[in-house]
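K.L.:
As they're listed, the protein sequences go chains G and Z.
Read in numbering that gives the first Met the number 0, the first sequence has 65 at position 66, and its numbers run on one by one without any break.
Read in numbering that gives the first Met the number 0, the second sequence has 637 at position 638, and its numbers run on one by one without any break.
These aren't lab readings, by the way, just hints derived from the structure by calculation.
No false leads were mixed into what you were given.
To be clear about the criterion: a stretch of chain Z counts as covered by chain G if any three or more of its residues have a C-beta under 8 Å from a C-beta of chain G, and this derived list gives those stretches: (1) 14-22; (2) 28-36; (3) 60-74.
The list that follows gives simulated cross-link-like pairs (lysine to aspartate or glutamate, DMTMM-like), each with its CA atoms no further than 25 Å apart: (4) K269(Z) / E150(Z); (5) K129(Z) / E150(Z); (6) K77(G) / D35(Z); (7) K77(G) / D36(Z); (8) K129(Z) / E270(Z); (9) K77(G) / D58(G).
Predicted, not measured: the structure shown is a model, and the values here were computed from it.
Just so it is clear, CB atoms sit at the ideal spot from N, CA and C, and this is done for glycine as well.
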Amino acid sequence: MSGRPRRAVRRRPSGRELRRLANSVGIGYNNIRYMNRRDIDRQLPLPPAFLHILIAIGDGERHGYAIMQAVADRTSGKVRMSPGTLYGSIRRLLDDGLIEEVMRRPSRGDDDERRRYYRVTPFGRAVATAETVRLSTLVQDARAAGLVLRKG
Amino acid sequence: MRVRDRLFAWIVRMYPREFRDRFGPEMAAAYRNARDDAASRGLGALSSFWTSVATDVAMRAPGEHLMLTIDDVRFALRSLRAAPVFAIVALVTLALGIGANTAMYTVVEAVALRPLPFPDSGRLVRIWEKNDTLKIAQFSTSALNYLSWREKARAFEDLAAWRSGSVTVATGTEPVRVQRIEATRSLLPVLRTEPVVGRNFTGDEVRVGGPRAALLLESFWRDRFGADPSVIGRQVSLDGVAHTVVGIVPDRGLVSQVQIVTPLLIDPAKESRANHTLTTIARLRPGVTLAQAQQDMDRVARELSGEFADDARWGTVVASFYDWLVPPAVRTALYVMLAAVALVLLVVCTNLANLMLARASARSRELAVRLALGATRARIIRQVLTESLLLAIAGGAGGVLLAWRLTPVVRRLATGVLPPGSTVSLNASVLFFSLAVSIAAGVLFGVLPAALSRTGDVAMVLNRGGRGVAPQQGLARQVLVISEVALATVLVSAGALLVQSYQRLQHADLGFNPNRITTAMIGLPAERYASAESAITFYQRLVAGISAAPGVESAALGSGPPLTGVSTGMPVGAIGASPLGSADMQADWRFVSGNYFATLAVPVVQGRTFDQREIGEHGLASVVLSQSLARALFSGDPLQRQVRLGNRRVYTVIGVVGDVRNLSLATAPRPTMYFSSGELLWPSMTIVVRSAGDIPVAQTVRRIVASLDPELAIFNVQRMRDALANNAAQPQTTAWLVGNFAALALLLALIGVYGVLAYLVVQRTREIGVRMALGATPRGMTYVVLRYAMRLTGIGVIAGAAGSLVVGPLLASELYGVSAHDTATMIGVPLALLAMSMLAAFVPAWRATRVDPLVALRAE
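Could you build all of it, start to finish, from the sequences and the hints given here?
P.N.:
Below, the structure is given as structure tokens:
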């Protein structure tokens with residue numbers, strides 16, 4: 000090709016643009032994700048179900064049903080997600096790059112070949128942290144306003 | 000597999016395919032595990048589990064679909080923003096196409112699809128009299144026959160009849176002339192119409208000599224009496240006679256647009272079976288068919304024919320009430336117009352499909368990349384369809400807006416064909432139609448590109464470097480252009496026929512001079528003008544007064560001047576034309592004053608018109624014939640010959656005048672006989688005035704009428720020019736609309752031809768380069784491209800011409816003075832289209848000659 004040389008420097012695409020691109024092509028964002036402060040803020044406030052899932056896999060990868068169980072156990076059965084809610088949330092979390100699938104399968108006894116394992120991405124961790132900060136600020140504000148009786 | 004497991008698999012299937020592919024098996028497993036877990040925790044847990052499953056089905060699965068759709072819509076919006084010219088062309092053409100369809104549909108809906116406002120109207124029938132010997136297919140009923148039918152017929156629940164006319168109402172301020180029907184007491188029950196206030200007539204009120212009662216129509220009651228319910232029981236003066244208002248009838252509750260209903264008083268002693276004046280309808284008994292009712296009425300007619308000599312040759316026709324109110328011809332015309340706009344939309348869709356294909360082939364590389372990166376084909380088809388549906392629905396919204404703006408125009412267009420109480424409006428049914436049409440259009444122009452997008456082989460497209468194109472696309476585009484040209488040919492032919500028809504109509508010979516003519520109607524109340532002499536004298540003084548008024552050139556009196564909507568016929572035969580006497584023929588008749596022909600500038604061909612000799616009871620029984628009637632009745636000189644009318648009276652021919660188009664512009668002049676208005680009068684007569692300049696004729700006439708009789712009102716004042724314009728309005732609108740539709744279709748088709756050829760030339764640049772390098776001349780290349788264009792459009796116009804021949808007869812009822820298979824049109828339009836396509840093809844052909852072989856080959 001002759002003619003003018005192409006511009007060497009191009010603006011780096013924003014995370015949103017990359018995510019759009021990934022979605023339009025039909026592939027997951029995790030492959031081309033890019034993180035910045037604005038992308039984190041855009042995720043907030045995080046839906047409760049998302050936070051529950053992030054907490055459930057915060058300490059290690061789990062498969063879908065294990066996440067449901069972990070959430071139920073931790074909340075003493077108060078929060079029970081339906082599979083629809085769980086996988087709907089997982090899809091969003093995957094597409095937004097908060098969690099990712101684990102390619103390697105842990106070799107445990109009850110491992111089922113159908114099962115996929117999920118873990119938090121650094122971006123997901125950043126979002127969860129930001130959400131926790133947001134919630135604790137909220138709790139402090141409520142306490143300052145006299146809405147919370149006693150420190151638990 | 001257990002039922003439960005199958006249920007879970009089924010629930011998973013409700014999610015979008017992309018979602019299922021990623022999470023399906025896992026989700027089904029999670030459902031199973033969650034259920035087992037819930038079961039182990041007891042009945043309460045189990046029931047809350049099933050509740051959450053139900054929520055998933057009802058909310059989550061549709062939610063996932065919605066998310067995907069939102070993604071697709073966003074994607075479509077982005078890709079449309081990247082191609083603004085395409086998007087704007089698509090939106091504008093779609094808005095035009097769908098707008099025209101919506102506007103047309105509002106009329107079709109109001110006229111042909113909306114049910115009549117009468118409950119159970121399927122059982123209503125219209126009953127006519129007929130006379131096979133006189134070749135009268137449908138005629139009004141005589142009052143005596145109506146009474147006999149009601150007594151003898153068994154097929155009907157009840158019959159009702161009325162006579163239309165007008166009456167002067169004096170309510171305080173100034174007298175107004177209003178439309179009135181004299182109806183039988185059974186009319187409201189037969190139509191199932193209930194008075195809004197008050198009651199129907201009583202048995203006493205419909206008897207001759209009984210108390211005088213009147214029903215007011217709701218709108219008249221609102222306008223004149225401010226919807227005051229205390230008007231019931233009040234007296235109103237109708238033609239100088241006091242009537243008591245007994246009830247208010249809803250406007251939609253009657254068949255014709257009137258203001259007042261009074262009882263039809265039938266005095267059998269004064270009636271004749273030969274006096275056919277009534278409109279008769281009936282309600283069939285439940286379960287009785289039209290054919291059975293006809294049989295029943297045939298029996299009744301036979302009995303009556305045997306019984307009464309003056310009813311001997313009369314039969315009956317039981318016809319559809321609906322067809323009478325909404326004539327099949329009107330419906331056909333509407334459907335023709337709807338078909339024309341549908342064709343335009345089809346061309347719009349074809350053109351858009353073509354543009355989408357061009358876009359798709361330009362984007363084939365992008366699609367291949369996306370496929371290679373793992374997007375499913377289903378997803379890509381979905382995205383293409385989302386784009387087209389998005390365009391179609393946005394275009395549809397624009398179209399509805401357009402149709403809404405057009406509603407007043409459409410409303411004006413539709414007056415005259417609307418059944419009683421119907422109005423043209425953008426109602427829910429119309430909006431639903433527009434939505435359906437939009438979606439259909441979107442699918443129509445989106446489905447082909449979407450379907451073809453799957454045929455490309457990823458590796459092949461990527462290897463071709465985005466240069467080539469799948470062969471199916473080339474073929475599809477050719478077929479699309481051929482159909483576009485064919486559709487445009489059909490529409491342009493139809494438009495050409497209608498425009499020619501309208502032009503002929505404009506130049507139709509009226510037989511009179513319509514310039515500066517004004518007509519006004521007037522009626523004399525029988526109570527105050529009981530004798531013929533008093534009425535004749537009144538009219539003579541009136542005509543003399545108006546003629547003498549300043550600014551009036553000439554004035555005359557007639558019972559039915561041209562285009563006033565009056566039509567009357569009677570059999571007539573010549574006496575002594577041949578030894579056997581000539582066969583009776585049907586002729587129109589009019590009562591006119593002597594200067595009627597001079598005022599309208601109708602030429603007197605032979606003899607004289609009426610004068611003092613034809614005034615009064617003892618005047619001469621003279622008749623003036625129209626030229627065509629004179630020619631039909633007599634072979635030689637008609638003057639002083641005699642004719643016998645259907646009522647057995649004999650008249651002497653004193654003159655012959657030119658033929659006049661009395662009924663409408665499009666109706667050929669009918670044989671007409673004229674009698675002297677000095678001899679007989681009609682209940683209402685028309686004053687014909689030719690003014691010298693632009694003077695307020697209505698005021699002049701009103702002033703002179705008031706000076707003679709202050710209680711009289713004139714009505715239906717119209718200028719002949721306006722009447723002519725109204726008369727031509729419908730054909731003008733039809734020609735204008737179809738002509739514009741045709742122009743739009745033609746433009747779109749030419750764009751299509753240009754697009755395909757331009758694309759072809761770009762696509763074959765390399766081939767052209769090679770051929771030029773091997774010695775092909777630029778002229779030769781132009782020829783190759785033009786030949787290709789000729790082949791495409793040639794097939795198109797031939798198909799279109801064949802289509803026009805099929806469609807033509809549907810137009811026949813709309814055409815005047817031009818055949819539906821007019822040879823010049825059928826050959827000229829396709830040739831013109833071919834020529835225009837060649838022009839459209841010339842730019843790409845010229846571009847082919849500009850291909851530089853060196854550049855073309857170096858691009859390899």
